[in-house]
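Starting from two chains that each stand alone, build the complex the way the hints lay out.
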Amino acid sequence: MKVRRRQLPCEIPTASMADVAFLLIIFFLVASFYSVTRGIQFSLPKRDEQDFSAAPEAAVLVEIHSDSSLTADGKPMNLAQLRGYLRPKLLRNPAKSVILQSALDAPYSAMTDVFDELRAVGVENLVIPTSAELSLYGLQEVE
Amino acid sequence: MHIRPSLRKLESHIPTATMADIAFLLIIFFMVTTAFSVDRTPMALPQTHEQQQVAKGSAIISIAPDGTLRFSPGEQDVAVVADMQALGAAIRQVTAANLLHPFVIKADRNVPYRLIDQVLEQLRLAGAQDVALLSRPEPTP
Chain A
1 MKVRRRQLPC EIPTASMADV AFLLIIFFLV ASFYSVTRGI QFSLPKRDEQ DFSAAPEAAV
61 LVEIHSDSSL TADGKPMNLA QLRGYLRPKL LRNPAKSVIL QSALDAPYSA MTDVFDELRA
121 VGVENLVIPT SAELSLYGLQ EVE
Chain B
1 MHIRPSLRKL ESHIPTATMA DIAFLLIIFF MVTTAFSVDR TPMALPQTHE QQQVAKGSAI
61 ISIAPDGTLR FSPGEQDVAV VADMQALGAA IRQVTAANLL HPFVIKADRN VPYRLIDQVL
121 EQLRLAGAQD VALLSRPEPT P
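Sequence order for the protein chains is A and B.
So that you can map any letter, position 31 of the first sequence is 31 in the numbering used here, and since no number is skipped, the others follow by simple counting.
So that you can map any letter, position 26 of the second sequence is 26 in the numbering used here, and since no number is skipped, the others follow by simple counting.
Just chain B, with the same shape it has in the complex (with noise of 0.2 Å):
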């Protein structure tokens, strides 16, 4: 029996409109759980074992290796602080918004624990209830 071919033309055709869908999806996570860095002061940080995640949002209190101090009350860049009493007044201004805005202190292993003294001083004055130590995890044997 002679079998004709078929006359009809197949079409190749490879379906990618399901592809940008699945795409555009994972943006959205990535956007969402991406936190962009306010401050990137290059320090070396203390290793910690614990560690716990920093509320995001988090005023940040930045001290370089040569004692420079910087402030973001979280959403903008940081900003260098002249000096303490400058930095007590942002914190308060965050602190009188609201309470318990948590900050975060970023400061290098090796700054004098004379600023962080200050430091913690001016949260205390300034009534700040939630503080964090910002570190890197301890390597793992």
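Bound conformation, chain A alone (with noise of 0.2 Å):
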């Protein structure tokens, strides 16, 4: 007797693959803005180079103090008017030192806030002393 047999379909089933794909790629995609990875560059001083007191009076001293109020050079003035105050200096000498000093108690944002303005004006030059440095060269902290 003749058997005949059933040829059987052969397949792989890959439908349920995509799908599997598409919800790891809807993970990824939702994963890649959880984190903020985005800031403002900040140059520390090296320790092999010049003292920052080598020509104090060249440079800009930008004094942020306990209120948040601002001075630069000891005039006190907001953030638009130090703009204008550095432009000048910048485009006769673009690379003039600028020394951003702020008081302790003064909040961490009021540092940043004039530290942006500082990079937005274009100061390349720009000198932040910790307060041991300071001490280090018997300067005063900003009160």
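Simulated from the structure, these hints should not be mistaken for laboratory data.
Be aware that a few hints might be false.
To give an idea of the chain A side of the interface with chain B (calculated C-beta under 8 Å), a few residues [claimed, not checked]:
| hint | residue |
| --- | --- |
| 1 | Met17 |
| 2 | Ala21 |
| 3 | Phe28 |
| 4 | Leu29 |
| 5 | Ile40 |
| 6 | Gln41 |
| 7 | Ser102 |
| 8 | Asp105 |
| 9 | Asp116 |
| 10 | Arg119 |
| 11 | Ser131 |
| 12 | Ala132 |
Model, not experiment: these values are computed from the prediction.
The beta-carbon is built from N, C-alpha and C at its ideal position, and this holds for glycine as well.
Written as structure tokens, this is what we have:
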């Protein structure tokens, strides 16, 4: 007797693979927005750089006080005025040094606001001495 | 003329094999570009106009509004650091291996500058050369 074999269809089911894959896509899409990874580049003075007190007359001293008020070379001003004060100096000398000193009781945002402003004006030579450095050179902290 | 309908049966079939290929390609893209945050401490970051991409795998120094210090050398999750001296030791461990290792300071905007000053001092003593301050973009008017 001749036995007729039924032919079985051979097929790999791939339909569900795409479902799994899209599920993973959505996960990574969502996960890629988790973290904040942008900020402002902060260049610390190198240890072997020349003393920052070498030419204090040539540098602009920007001070942030405990109440977040600003003074530049002793003159009180706001952020917009600071920009106007620095721009002509930077036009004359693009490598003009700016020393940013912040009172220890001032909020961190006061320092970042000024820092951001200085970067926006185009200050390249920015020095932010720490209080330990100031005492090393016998200088006073901002009140 | 009489037209006989074809006896051959037409099969209806949607080709789905390539869809998975495309999907896996997209998965790999998102896997590579996803940067998992190692520090999930909620805080209000300061806002700045200037924004630069922070290097992937940077060591994170996190300063919470209550002054709690947390540190991660880059890959691991952040761990609470007892005080400034312990933070300095952790920073020196990283800089001893690689002086150019990037550091990110993630601090709340209302933290007193005193803490930032102390952290910067530790970074300076350790000889760190690549430091960034984490910030949010300023809202456009």
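### Message
Quick check on the hint: A:Met17 CB to chain B CB, less than 8 Å?
### Response
holds (4 Å)
### Task
Answer holds if the nearest beta-carbon of chain B is closer than 8 Å to that of A:Leu29; otherwise answer violated.
holds (6 Å)
### Query
Against chain B, with CB atoms and a cut of 8 Å, does the hint on A:Phe28 hold up?
Check passed: Cβ of A:Phe28 comes within 3 Å of chain B, closer than 8 Å.
### Message
Next item in the hint list is A:Gln41. Is there a CB on chain B closer than 8 Å to its CB?
### Response
holds (5 Å)
### Message
Please check whether A:Ser102 passes as an interface residue: C-beta within 8 Å of a C-beta belonging to chain B.
### Response
It holds, given that the least Cβ distance between A:Ser102 and chain B is near 5 Å, below 8 Å.
### Task
Would you check whether A:Asp116 satisfies its interface hint, that is, whether its CB is within less than 8 Å of any CB in chain B?
Since chain B brings a Cβ to about 4 Å from A:Asp116, closer than 8 Å, the hint holds.
#### Entry: Hinted contact A:Ala21 with chain B - closest CB pair below 8 Å
holds (3 Å)
### Message
Take the shortest C-beta to C-beta distance between A:Ile40 and chain B; is it under 8 Å?
### Response
holds (5 Å)
### Task
Please verify that hint: A:Ala132, Cβ, nearest Cβ of chain B, below 8 Å or not.
holds (5 Å)
### Task
Have a go at the A:Ser131 hint: is there a Cβ in chain B nearer than 8 Å to its own Cβ?
With a closest approach of 5 Å, the A:Ser131 hint holds.
### Interface hint compliance - A:Arg119 to chain B, C-beta minimum distance less than 8 Å
holds (5 Å)
### Message
Tell me if the interface restraint on A:Asp105 is satisfied: Cβ within less than 8 Å of some Cβ in chain B.
### Response
holds (6 Å)
Going down the numbered hints, you'll see the structure goes against none, and every one checks out.
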